[in-house]
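2 protein chains.
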Amino acid sequence: MNFVDNSQLRSHNAIDRLTALFSRLPGLGKKSAGRLVYHILETNPSYARALGEELLSFHETIKRCKNCGAFTESDPCIICADPDREPYICVVERAQDVPVIEDSREFQGRFHVLGGVIAPLDGIHPENLSIAELHARVRREEIQEVILAMNPTVEGDTTALYIQKVLKDTGITITRLASGLPVGGDLEYTDRLTLSRSFRGRVRMN
Amino acid sequence: MNFVDNSQLRSHNAIDRLTALFSRLPGLGKKSAGRLVYHILETNPSYARALGEELLSFHETIKRCKNCGAFTESDPCIICADPDREPYICVVERAQDVPVIEDSREFQGRFHVLGGVIAPLDGIHPENLSIAELHARVRREEIQEVILAMNPTVEGDTTALYIQKVLKDTGITITRLASGLPVGGDLEYTDRLTLSRSFRGRVRMN
Chain A
4 MNFVDNSQLR SHNAIDRLTA LFSRLPGLGK KSAGRLVYHI LETNPSYARA
54 LGEELLSFHE TIKRCKNCGA FTESDPCIIC ADPDREPYIC VVERAQDVPV
104 IEDSREFQGR FHVLGGVIAP LDGIHPENLS IAELHARVRR EEIQEVILAM
154 NPTVEGDTTA LYIQKVLKDT GITITRLASG LPVGGDLEYT DRLTLSRSFR
204 GRVRMN
Chain B
4 MNFVDNSQLR SHNAIDRLTA LFSRLPGLGK KSAGRLVYHI LETNPSYARA
54 LGEELLSFHE TIKRCKNCGA FTESDPCIIC ADPDREPYIC VVERAQDVPV
104 IEDSREFQGR FHVLGGVIAP LDGIHPENLS IAELHARVRR EEIQEVILAM
154 NPTVEGDTTA LYIQKVLKDT GITITRLASG LPVGGDLEYT DRLTLSRSFR
204 GRVRMN
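These protein sequence lines are chains A and B, in that order. Residue numbers for the first sequence, in our numbering: 4 to 209. Residue numbers for the second sequence, in our numbering: 4 to 209.
So here's chain A without its partners, still in its complex pose (with noise of 0.2 Å):
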């Protein structure tokens, strides 16, 4: 038997590039990728083109607004040009979040996306993060109330923090989203830190 290199996977070379591309996302190892591939071959060609172009024009098309920082296909975006947000920011800390909380129906504000929390050992520092364009929103835009709703992280706190003393002087009021047991979950197995929280956030109820 005279083995004769590799040549298969010459023959493969799209599915290999593909693979490779595919794998190359969070949680798809080379497995994982080439199951993909090979169930979009045995799909309908439109599927892969429907893929295909959405992909092609999709930095075109999502943009990130001017105003917010919110992903976008208008700038300013739809929220920040609606007349009947109420004068409330949400602050998060990053645009993904934007659609999180607009699907709970919580929240009729506006919103700005810092674009992180602040971790100088990751090398982001306060003027990486929206900061002073927030600063500079709360007065353009005469906010009543700012809510630090980044994650209860000690990022998102250290960074909650810090923004609480930035906007001190313009008095307005900030407050930070409660911090404690998620619903339907189990004081048993609740980390310390999390259970800490909820007793010092405790609600009294009479």
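Treat the hints loosely; a few may be bogus.
For chains that are exact copies, the list does not tell them apart, and a pair is met inside one copy or across any two.
As the list claims (entries may be wrong) - List of simulated lysine-lysine pairs, DSS-like, C-alpha gap at most 30 Å:
| id | residue 1 | residue 2 |
| --- | --- | --- |
| 1 | K66 | K34 |
| 2 | K34 | K171 |
| 3 | K171 | K69 |
| 4 | K69 | K168 |
These are computed hints drawn from the structure, not numbers from a lab.
Got chain A sorted already, so can you dock chain B onto it with the hints?
Relative to the frame of chain A, chain B by itself:
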């Protein structure tokens, strides 16, 4: 507070469309599809373009080899066109099984993709598989041995028996891949059927 329908969703149209397309892939729910979409948004646009272009041309680039049924960019495929391949045919269920065996470097012969296994309950009958083509190839390509590499399932075994009968008149050697304990496997966690096979197929050591 006056809720003005979910206008945010409209502004996120392309994000929603891409999420919906990704969530049609196996193993990707709406949540994980969304995570991929936001990852792509935050990645260099060249990535989305590369993935999009690959997908647009994918079904035009990848064909089925008319001789063996494997996925290929040229027809006949590089394996079928290679005169140095040994006159053995390895019969597999699906086209994606071919690169798995090629990568193992265990086999220097040709392939034949059945396109499935006999499963009457799923509406797959012998005439839906490329068994007649296999029979023709055995004669035409002067094959010496047919190695049946269908999965060791009830359907795989049924299909192997059926092919064995169909090829009887050719008089060639027909073999089936060994089934038994996987390398690195643990007897304690081996199912009864696999254990039974590994007993029946036990190999003499002296």
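Evaluated hints:
In this assembly of identical chains, K66 and K34 lie within 30 Å of each other by CA distance solely across copies; the values are 22 Å between and 33 Å within a copy. For the homomeric pair K34 and K171, neither the shortest alpha-carbon distance inside one copy (52 Å) nor that between copies (38 Å) is at most 30 Å. When the C-alpha separation of K171 and K69 is checked against a cutoff of 30 Å, the pair qualifies only within one copy, where the shortest distance is 24 Å, while the shortest distance between copies is 74 Å. For a Cα distance limit of 30 Å, the shortest separation of K69 from K168 inside one copy, 24 Å, qualifies, whereas the shortest one across copies, 71 Å, does not.
Hint 2 from the earlier list is the only one contradicted by this structure; the remaining hints agree with it.
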